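Visitor: Here is what each chain is made of, one letter per residue.
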Amino acid sequence: MRSIPFTTCCTTLAVLAIAGTAQAYPEFQKFVSQKSGRTVNCAMCHMHSDGPEGAAPGQIGHLTLAEQAELGRARGAFEPHANVKSPILNAFGNHIINHLGKKQFLELRVTPAELAHKLPKDSDLDGDGITDVDEYLSGTHPLIKSDGRPWLLFKANLAANLGQIALMLAATVLGLWGLQHLLHGFDVATRVSDADEESG
Amino acid sequence: MKLHETLRNTEKFLAERLPVEKMNYASMVQKKEVPVHGLAWGYYMGGLAMFFLMVQIATGLMLLFYYQPTVSDAHASVEFITDQVPAGALVRNVHAWASSLMIGSVLAHLLTAFAMKAFEKPRELTWVTGVLLLGITFAFGFTGYLLPWHQIAVNATKIGLQTIEEIGGYLPGQMAEWPRQAKEIIQGEASVGQATLSRFFSLHVIILPLAICGVLGFHLVSVQLHGMSKGIDAKPRHMERFFPTFLLKDLRVWGIAFMVLFILGVCLPFESLFAYPLFEPFDPKGSTPDGIKPEWYFFWVYYPLELLPLWVILVGSTLLAVLLLATPWLFKNTNRQTLRLLAIMAGIYLVIMTLFGENIYHLFKG
Chain A
0 MRSIPFTTCC TTLAVLAIAG TAQAYPEFQK FVSQKSGRTV NCAMCHMHSD GPEGAAPGQI
60 GHLTLAEQAE LGRARGAFEP HANVKSPILN AFGNHIINHL GKKQFLELRV TPAELAHKLP
120 KDSDLDGDGI TDVDEYLSGT HPLIKSDGRP WLLFKANLAA NLGQIALMLA ATVLGLWGLQ
180 HLLHGFDVAT RVSDADEESG
Chain B
0 MKLHETLRNT EKFLAERLPV EKMNYASMVQ KKEVPVHGLA WGYYMGGLAM FFLMVQIATG
60 LMLLFYYQPT VSDAHASVEF ITDQVPAGAL VRNVHAWASS LMIGSVLAHL LTAFAMKAFE
120 KPRELTWVTG VLLLGITFAF GFTGYLLPWH QIAVNATKIG LQTIEEIGGY LPGQMAEWPR
180 QAKEIIQGEA SVGQATLSRF FSLHVIILPL AICGVLGFHL VSVQLHGMSK GIDAKPRHME
240 RFFPTFLLKD LRVWGIAFMV LFILGVCLPF ESLFAYPLFE PFDPKGSTPD GIKPEWYFFW
300 VYYPLELLPL WVILVGSTLL AVLLLATPWL FKNTNRQTLR LLAIMAGIYL VIMTLFGENI
360 YHLFKG
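Line by line, the protein sequences give chains A and B.
Heads up, the first sequence is in numbering that gives the first Met the number 0, so the first residue is 0 and it goes up one at a time.
Heads up, the second sequence is in numbering that gives the first Met the number 0, so the first residue is 0 and it goes up one at a time.
This is chain A alone, in the form it adopts within the complex (with noise of 0.2 Å):
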């Protein structure tokens, strides 16, 4: 198991008493749960999946003293496109982060549906062809290529591999077009064969 150094639980706990509490916001969290119905977690935004305060990697009280200072500024980006990257938050957490600001943020935990509204239409963090905006509307992780929606994933990769799909299919119904002309031509020999047979 990794140690934590007694210098970094010290200065931890100094951020976490000039700080306050750790900040997490569970009110995207719930909202995305009822809305989606899927079960999310903390890790939709957060490095790690129980959120920033404990000392496991991804948390605050693991934090190296760079990574404390770059939460600090973070943490005082107020104002959009601010470039900050919290060591607590995800790449998906950094894009609401910076995209927003951090006061436009905390204003829309009352209205956590508005956050889909604010956030760009196009990003596509993971690339898996579902926008972040549907993605965390449907409680799919904005990250993780392999996870959305089922029927919208299928869409995206279909539309993604549709060459390769094409050829492989090709060769199938080839192939099945072969088969049948085999078994045909095998029925025809077998026909004359008993033909024969019965003739001879």
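Honestly, the hints are just simulated from the structure, not real lab data.
Just so it is clear, the structure is predicted and the values come from calculations on it, not from any experiment.
Please note: incorrect hints may appear among the correct ones.
[What the hints assert, rightly or not] Covered by chain B, per the in silico footprint, the following chain A stretches (three or more residues, Cβ under 8 Å): (1) 61 to 68; (2) 134 to 148; (3) 162 to 175; (4) 178 to 185.
Virtual Cβ for every residue (Gly too), placed ideally from N, Cα, C.
Start from chain A and add chain B according to the hints.
Guide: Showing chain B alone in chain A's frame:
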């Protein structure tokens, strides 16, 4: 005298079930014929299950090159396969889909063989080995489920193993300890951990494949020796030769199955059917996400287990196992119409519990 008679009867039984004199090219290839009738599609189910098994072996071997069977690296190696290895995501997804399709086709094969009375003398051993293959297939599913070492894998395995221990509560005296001991042997340590993963990995990639080779070998030889069962009471429309006609038709079905599997493998990640927290790496110190349940092919027993007392399920499962193994003797005099009705009822139960088991559970439990 009695022993001598028993031996003679056993020898006679085996001689009828294993007619080795038919083990020649003429009987097994040239003269073998397949009846053609309304239920003849059922003859393709066994071949389809074997096709999916071959896909499982091929994709499983590819996954073996990268998979690390340790609790620290298992999940990371699976992520590496998915994200970094060329075509790794496709191979892994095909492996996941083919496992489900294999179990589906094995169940369909069992039900159609039952409906066609394919277990009739002299095919009793073919049936019994088929039931054993079903058990091995389920064991493949159960052991393979743990290997990615994510939340749903470890927690569902824990629930499964815990159920074994709970059986002890219904057994008398010293026997009450047996299920706990069995669980510890399977688990290998106090909780599901490295020893469990090692054991499940060994079972999944060595022991079960060896077992399936032996049992499937016997099953296939037995099918070839006895030929296809008649399947219906009426006279079949006509007979077709197994080689090459039926074999080519079988290949046609395999071709379609391959196409479906390829499209599923490319377009629909198996994991997308579940919530993403279930596929996060297992963290013994972290919280357990909602929605932990076994694979869909265990729903027929899992949801009743959640609703009814354990002893009811135990009695039911034991009876079902006995019923399946003794089918050739228990249903010897049952007509095909009744068998077909029973198979349809069993099929409906399986479909309902698989698709609506969760709804039924919530209906009763709120």
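Visitor: Take the hints in turn and mark each one as holding or not.
Guide: Results of checking the hints against the structure:
no. : hint       : verdict
1   : 61 to 68   : violated (count 0)
2   : 134 to 148 : holds (count 9)
3   : 162 to 175 : holds (count 7)
4   : 178 to 185 : holds (count 5)
When held up to the earlier numbered hints, the structure conflicts with hint 1 and nothing else.
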